[in-house]
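Here is how the chains run, residue by residue.
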Amino acid sequence: MEDHIKNITRLERLLESKDFDSLTPEERQFVLSELGSAAQYALMKKVGQALVSEKAGLLPDPLVHQKLKEALHLQRQTIWRRIVSIQLPAYVAVLLMTISAAVMSMVVRPSKPSVIVSRVVKTDTLFVPVKPDTVFVERVVIKYVPAKDREIEPYSVAKTNFDSTDPVVTESVNMKEKEELDNLLVTGS
Amino acid sequence: MFFNHRKKADEELMRLMQAGNNSAFTELYRRYSEKIVRYFYRMLWKDKAKAQDFLHDLFMRIIENPSRFNAERKFSTWLYSVAHNMCKNEYRRKTFRDAVHQHKGLDVIHERIDEIDLSKDEFNDALDRAILELDVEDKNLYALRFELELPLDEIALALECPVGTVKSRIFYLKKKLATQLEEYNPINETAWKII
Chain B
1 MEDHIKNITR
11 LERLLESKDF
21 DSLTPEERQF
31 VLSELGSAAQ
41 YALMKKVGQA
51 LVSEKAGLLP
61 DPLVHQKLKE
71 ALHLQRQTIW
81 RRIVSIQLPA
91 YVAVLLMTIS
101 AAVMSMVVRP
111 SKPSVIVSRV
121 VKTDTLFVPV
131 KPDTVFVERV
141 VIKYVPAKDR
151 EIEPYSVAKT
161 NFDSTDPVVT
171 ESVNMKEKEE
181 LDNLLVTGS
Chain L
190 MFFNHRKKAD
200 EELMRLMQAG
210 NNSAFTELYR
220 RYSEKIVRYF
230 YRMLWKDKAK
240 AQDFLHDLFM
250 RIIENPSRFN
260 AERKFSTWLY
270 SVAHNMCKNE
280 YRRKTFRDAV
290 HQHKGLDVIH
300 ERIDEIDLSK
310 DEFNDALDRA
320 ILELDVEDKN
330 LYALRFELEL
340 PLDEIALALE
350 CPVGTVKSRI
360 FYLKKKLATQ
370 LEEYNPINET
380 AWKII
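Chains as they are written, first to last, in the working numbering: chain B, 1 to 189; chain L, 190 to 384.
A few of these clues could be false.
Residues of chain L clear of chain B, computed beta-carbon distances all greater than 12 Å [as the list claims (entries may be wrong)]:
| no. | residue |
| --- | --- |
| 1 | R195 |
| 2 | R257 |
| 3 | T266 |
| 4 | F285 |
| 5 | E336 |
| 6 | Q369 |
DSBU-like mimics (lysine-lysine), calculated; alpha carbons at most 35 Å apart, straight line [what the hints assert, rightly or not]:
| no. | chain 1 | residue 1 | chain 2 | residue 2 |
| --- | --- | --- | --- | --- |
| 7 | L | K239 | B | K67 |
| 8 | L | K224 | L | K283 |
| 9 | B | K67 | L | K277 |
| 10 | L | K197 | B | K46 |
| 11 | L | K196 | L | K263 |
| 12 | B | K6 | L | K365 |
| 13 | B | K55 | L | K277 |
| 14 | B | K45 | L | K196 |
| 15 | L | K196 | B | K46 |
| 16 | L | K263 | L | K239 |
| 17 | L | K237 | B | K55 |
| 18 | L | K263 | B | K67 |
| 19 | B | K45 | L | K197 |
| 20 | B | K69 | L | K365 |
| 21 | B | K18 | L | K239 |
Honestly, the hints are just simulated from the structure, not real lab data. Backbone N, C-alpha and C define an ideal beta-carbon position, used for all residues, glycine too.
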């Protein structure tokens, strides 16, 4: 394979540099063994020269560059502006909104049951008894009534009605108490 | 800023373009548009309008999807590979179109005779026709080597084959063309026959 490539390289070099007439006998032998004839060598040389000189004189159309620049400008627009400028049929918009709502609800929904963390706090309550400074045993309310509003009886006679049904309350003093009273009266202590 | 880009490598310009630099794209277009349009012209049956369309489409692909460029590859070889793939697709489409036309009984004209420059001599016209009739791979090799004048190692990278294979293929391409143009032999063959 390497010999084959070497031969081709040598042949190419000869084709580029020499006519068949200018070849040495050894080179002629080599060329004839590779190509078969001088005519073939001359033809290949002519083809090679024609290929090198054969160039398409075509230039890019300036309109192409202009269109590409416009396309590049459009491409650089932000994604948001492009999304806004997209016109969709109503059913597609509804479908997109439904899908996005479904996706959002799946995202928002917690995947695990929520764990309630509670903390027991013991509160000690201390009741401090406070004795009030002032003790009202009874409150006397004096109401002043104007004289003119009072009906004054011109004369009133005290009446003692004895109701036989009322039990007679008699206070009895036993002997011990009597003795103590006597001592009190006599001694004064 | 634009003039600074002239010193930058293609790959660096491509990276800048991916980052949103428009002038980097302009510089890449300046470097390659002329070569690429000539390549397409050669590949696509010397159809000027088609060559311009394909030039537009190729650079549109770069604009729309610059991330497809693999930074590890050389930009030029990547670009020629993409251009070549576009041509191969066009050849497939043409084959299909021709088959449909033949089925319908229409005449299929493979050669664009009208595009051949009539001012050239007969040999060059014949060479033009022979090039037009080459298959897509040979025509690609011809365009890369003789139209774009790429060095052999770069062609090897674009075609993803060893340099030796490229040398060999170019030689056989010339030989094939010479065989087709045998009637234009410049010398009398019999005079040099080996005894």
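Which numbered conditions among the earlier hints are violated in the structure presented, ordered from lowest to highest? 5, 6, 10, 14, 15, 19, 20 and 21
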